[in-house]
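Asker: Okay, here's what each chain looks like letter by letter:
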Amino acid sequence: MTEPISYTYAVVRDADGLPDVLAGVQGVARAPVHLVHGRHGGDVAAVVSPVPPEDFHEDALKRHLEDLDWLEAVARAHHSVVEALSAHTTVLPLRLATVYLDDERVAMTLDACQDTFSDRLSRLAAHVEWGVKIYVEPISVTAARADTAPAPGLSPGRAYLRSRRAQRHTQEDAYRAAEQAAANVEAAAGIHAVDRARHRPQQGELSVGSGENVVNDAYLVPAEHADAFFSDVMRAAEGLDSVRVEVTGPWAPYSFASPPDAEPAEGTASP
Amino acid sequence: MTEPVASRFGSLPYRSSPQYAQGSSANLADILERVLDKGIVIAGDIQINLLDIELLTIKLRLLVASVDKAKEMGIDWWEHDPSLSSRANGSRELAEENKRLRAEIEALREDAELPSAEERRSVTEKPPHATPQRRQSAKVRPKKRDE
Numbered sequence: 001m002t003e004p005i006s007y008t009y010a011v012v013r014d015a016d017g018l019p020d021v022l023a024g025v026q027g028v029a030r031a032p033v034h035l036v037h038g039r040h041g042g043d044v045a046a047v048v049s050p051v052p053p054e055d056f057h058e059d060a061l062k063r064h065l066e067d068l069d070w071l072e073a074v075a076r077a078h079h080s081v082v083e084a085l086s087a088h089t090t091v092l093p094l095r096l097a098t099v100y101l102d103d104e105r106v107a108m109t110l111d112a113c114q115d116t117f118s119d120r121l122s123r124l125a126a127h128v129e130w131g132v133k134i135y136v137e138p139i140s141v142t143a144a145r146a147d148t149a150p151a152p153g154l155s156p157g158r159a160y161l162r163s164r165r166a167q168r169h170t171q172e173d174a175y176r177a178a179e180q181a182a183a184n185v186e187a188a189a190g191i192h193a194v195d196r197a198r199h200r201p202q203q204g205e206l207s208v209g210s211g212e213n214v215v216n217d218a219y220l221v222p223a224e225h226a227d228a229f230f231s232d233v234m235r236a237a238e239g240l241d242s243v244r245v246e247v248t249g250p251w252a253p254y255s256f257a258s259p260p261d262a263e264p265a266e267g268t269a270s271p
Numbered sequence: 001m002t003e004p005v006a007s008r009f010g011s012l013p014y015r016s017s018p019q020y021a022q023g024s025s026a027n028l029a030d031i032l033e034r035v036l037d038k039g040i041v042i043a044g045d046i047q048i049n050l051l052d053i054e055l056l057t058i059k060l061r062l063l064v065a066s067v068d069k070a071k072e073m074g075i076d077w078w079e080h081d082p083s084l085s086s087r088a089n090g091s092r093e094l095a096e097e098n099k100r101l102r103a104e105i106e107a108l109r110e111d112a113e114l115p116s117a118e119e120r121r122s123v124t125e126k127p128p129h130a131t132p133q134r135r136q137s138a139k140v141r142p143k144k145r146d147e
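Protein chains in written order, with the numbering used here: chain A, 1 to 271; chain B, 1 to 147.
Hints are not guaranteed to be accurate.
[What the hints assert, rightly or not] Simulated DEER-style distance windows between Cβ atoms:
no.	chain 1	residue 1	chain 2	residue 2	range
1	B	K99	A	A166	54 to 62 Å
2	A	R168	B	E96	37 to 45 Å
3	A	S210	B	E96	18 to 26 Å
4	B	R100	A	R168	13 to 21 Å
5	B	E96	A	D20	41 to 49 Å
6	B	N98	A	D119	26 to 34 Å
7	A	R176	B	N27	45 to 53 Å
8	A	Q180	B	D111	44 to 52 Å
Everything labelled a hint here was simulated from the structure, so no lab data went into it.
All of these numbers come straight from a predicted model, not from anything done at the bench.
Beta carbons: idealized from backbone N, C-alpha and C, even for Gly.
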């Protein structure tokens, strides 16, 4: 069994020039990427590349997914294909590692899910996703400022207690400021966004940047509001000490790809 | 971490409008959060149990949003597993706490003129908590963590 199988990145609204876009993109495992159309026509297409079955069959996939380097490579390749397409048409990103036995099976799925895909693509047309994260600075950073001017003449014990109290207040202030920032950001974002998805705050080895991530949201924003969204959200948190707002994007609408009822779309079962 | 991956797959030719220009450098956490946990789910021919992916993210202590999904399914063992939930910032605090407690114990021992841990070990082979002479120190003795 060495016939390549079909890795599917996304479903897109077909558009002029897409094949040219795809010609400049490498997919997972450096494979070239192409479009697959349904057998009944329609302007919805799947974006597919051949991958070696020995790497993408169940057992291999399971094993590979435990390997962060492999996962990162596939995730970045998946994302770069989605992103290249996003600049040219509406994209419905698929979950990582959606794999079919061949392009014929992809076409069957397209036919079976045509309505779902088409509805969703219409909803997301000309929209982008922005990620908004709010961080509270770690106490050591903010406390350092509070500690710079110790009151003279205090005994070491009292100085210690005072600095602990100051630290606690600083931390409380930081969370209050974060709450304020969250409210400001939400209000600013709400002016432009048509939908919001909440992600779990990031923590762990891959989370980068200092501070504790307390808000991790995604907003769906009409493309013509994209710039205004960015600047308004950035402005919303100005002047709040110990709070950092980070805006990422624009992303393809990953966080809004699933229909709101959250049921997985009807796929075709294995043959 | 990006280096070996980049060399394995080569640098991807990148063509996109300025509007979507940040992705190639986007942080891995943000990308994984989206490609693993978001995106529309349709049943492929290769059945990968998504739960496996969710557990994977936990095993790698990635941070990703999918932890919520695992939680909904009642899988929350990692929260009780210190190596998974608190390794990033927990171990240093623990080490500092240990150091502080050890110093306190030493100070208390000196006051009470109790034998040090090394001396005690040579004095008796019995398990520490069974020796009456240690009762006093046992009160302030933290649970020993020797890993």
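Asker: None of the hints should be skipped; say for each whether it holds.
Answerer: To see whether the hints hold, each was checked on the structure:
1. B:K99 with A:A166: 54 to 62 Å: violated, 24 Å
2. A:R168 with B:E96: 37 to 45 Å: violated, 18 Å
3. A:S210 with B:E96: 18 to 26 Å: holds, 19 Å
4. B:R100 with A:R168: 13 to 21 Å: holds, 19 Å
5. B:E96 with A:D20: 41 to 49 Å: violated, 59 Å
6. B:N98 with A:D119: 26 to 34 Å: violated, 58 Å
7. A:R176 with B:N27: 45 to 53 Å: violated, 28 Å
8. A:Q180 with B:D111: 44 to 52 Å: holds, 49 Å
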